[in-house]
Amino acid sequence: MWLIIVLGLAIGVIIGSNLPLIIPVYFAKYLSIAILAGLDTIFGGARAYLDKEFDDLVLITGFIFNSLLAAGLAYIGDQLGVALYVAAIFVFGVRLFNNLAIIRRNIIKRPGEGYAAH
Amino acid sequence: MRKDYIAMASVCIILGIMCSIQFKSHYTNVNYLSANQWSELTLQKDHLQSQHDALLHEKASLQNQLVSTSAKEQDMIQQELLDKSNIGAGLTLVTGTGLIVKLDNNENPEGFTIQYWNLAILINELKSAGAEAISINGQRIVATSAVSTDGQTIIVNNNSINPPYIIQSIGNPQILESSLRIRGGEINALALNGIKVTIQTSNDIEIPAFQGSTKYHYAQPLDVLSKNI
Numbered sequence: 001m002w003l004i005i006v007l008g009l010a011i012g013v014i015i016g017s018n019l020p021l022i023i024p025v026y027f028a029k030y031l032s033i034a035i036l037a038g039l040d041t042i043f044g045g046a047r048a049y050l051d052k053e054f055d056d057l058v059l060i061t062g063f064i065f066n067s068l069l070a071a072g073l074a075y076i077g078d079q080l081g082v083a084l085y086v087a088a089i090f091v092f093g094v095r096l097f098n099n100l101a102i103i104r105r106n107i108i109k110r111p112g113e114g115y116a117a118h
Numbered sequence: 001m002r003k004d005y006i007a008m009a010s011v012c013i014i015l016g017i018m019c020s021i022q023f024k025s026h027y028t029n030v031n032y033l034s035a036n037q038w039s040e041l042t043l044q045k046d047h048l049q050s051q052h053d054a055l056l057h058e059k060a061s062l063q064n065q066l067v068s069t070s071a072k073e074q075d076m077i078q079q080e081l082l083d084k085s086n087i088g089a090g091l092t093l094v095t096g097t098g099l100i101v102k103l104d105n106n107e108n109p110e111g112f113t114i115q116y117w118n119l120a121i122l123i124n125e126l127k128s129a130g131a132e133a134i135s136i137n138g139q140r141i142v143a144t145s146a147v148s149t150d151g152q153t154i155i156v157n158n159n160s161i162n163p164p165y166i167i168q169s170i171g172n173p174q175i176l177e178s179s180l181r182i183r184g185g186e187i188n189a190l191a192l193n194g195i196k197v198t199i200q201t202s203n204d205i206e207i208p209a210f211q212g213s214t215k216y217h218y219a220q221p222l223d224v225l226s227k228n229i
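Residue numbers (the numbering used here), protein chains in the order written: chain D, 1 to 118; chain Z, 1 to 229.
Hints are computed from structural coordinates only; laboratory data are not their basis.
Cβ atoms here follow ideal geometry from the backbone N, Cα and C, with glycine treated the same way.
Some hints could be false.
[To be verified] List time: in silico EDC-like cross-link candidates among lysine to aspartate or glutamate, alpha-carbon distance up to 16 Å:
(1) Lys109(D) / Asp51(D)
(2) Lys102(Z) / Glu177(Z)
(3) Lys84(Z) / Glu132(Z)
(4) Lys196(Z) / Glu107(Z)
(5) Lys127(Z) / Glu177(Z)
(6) Lys196(Z) / Glu132(Z)
(7) Lys3(Z) / Asp55(D)
(8) Lys3(Z) / Asp56(D)
(9) Lys52(D) / Glu132(Z)
(10) Lys3(Z) / Glu53(D)
(11) Lys109(D) / Asp78(D)
[What the hints assert, rightly or not] Covered stretches of chain D, going by a simulated chain Z footprint (3 or more residues, C-beta under 8 Å):
(12) 9-16
(13) 88-101
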């Protein structure tokens, strides 16, 4: 799974750098928050995989939904003059770290599955 | 399980694309500012711009003041110099207090007639009495003026003149008259020789400008300051 993740990201970066696509400067903020949401979804998917709970539909829908939600929240926040994107950063950042922590624990636990689980 | 991998792979690919696009956009737009910076800097820029305009205005008006005063002063100085030069050069009509001397020959044609040197000496006497402008029969006497004769008539400024000779001079009337009337002076000698002499002071003499050519073929102005010592 890790290989798929890394390869997928690498291929995506290569494709993207060859695409003649430049985002106007005022979209950059929204795109960056969407990237954060996508990253969180992927790591959530990795965690679900390690927890044997992986559902591809959850992953895909989660990815699209979260990205759009995050970008939308940032946009609405700009319209209202309130920095709502901070909420998105906060939430996705917390989830990211949580997922990474669970993944880490899973990886550490897995080799030692032979030992007594605590 | 295979679809799981496909799902994960596609999501990762999409995320990779987004990342690289973001990266590219950020680095090509890196000269741009964030919205906050932009509005703040725009405000600052407007403020500085208005300050700058105000200062330019001030500078222009101060410069105008400076130029106008010095130009005026310069003009005055130039004008004074010009007036002085014109009077001395005899190139302009001048007016002032002075003396009118009228000389006429005797009815007797065999007697003494006024000669050119009489006029020349008279002019000299007037000058030494402080005359600032002199004319004979309307001919302005300037530095290059000569009083001569062609044998028959007197020639002043290359123009022949005929008696009666009217000599106008601008200066202090009393001094001019007393200088002329000195015993042993030219007027005295002429009168003794039977020349009809009339002297009259005036407060309002007009002496015409020099009419001749002012082209100088030989003399050139020399800037003493630039000459190497």
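Each hint tested on the structure:
no. : hint                  : result
1   : Lys109(D) / Asp51(D)  : holds (11 Å)
2   : Lys102(Z) / Glu177(Z) : holds (13 Å)
3   : Lys84(Z) / Glu132(Z)  : holds (11 Å)
4   : Lys196(Z) / Glu107(Z) : holds (10 Å)
5   : Lys127(Z) / Glu177(Z) : holds (12 Å)
6   : Lys196(Z) / Glu132(Z) : violated (25 Å)
7   : Lys3(Z) / Asp55(D)    : holds (10 Å)
8   : Lys3(Z) / Asp56(D)    : holds (7 Å)
9   : Lys52(D) / Glu132(Z)  : violated (126 Å)
10  : Lys3(Z) / Glu53(D)    : holds (14 Å)
11  : Lys109(D) / Asp78(D)  : violated (44 Å)
12  : 9-16                  : holds (count 8)
13  : 88-101                : violated (count 0)
The structure does not agree with the numbered hints 6, 9, 11 and 13 stated previously, though it agrees with the rest.
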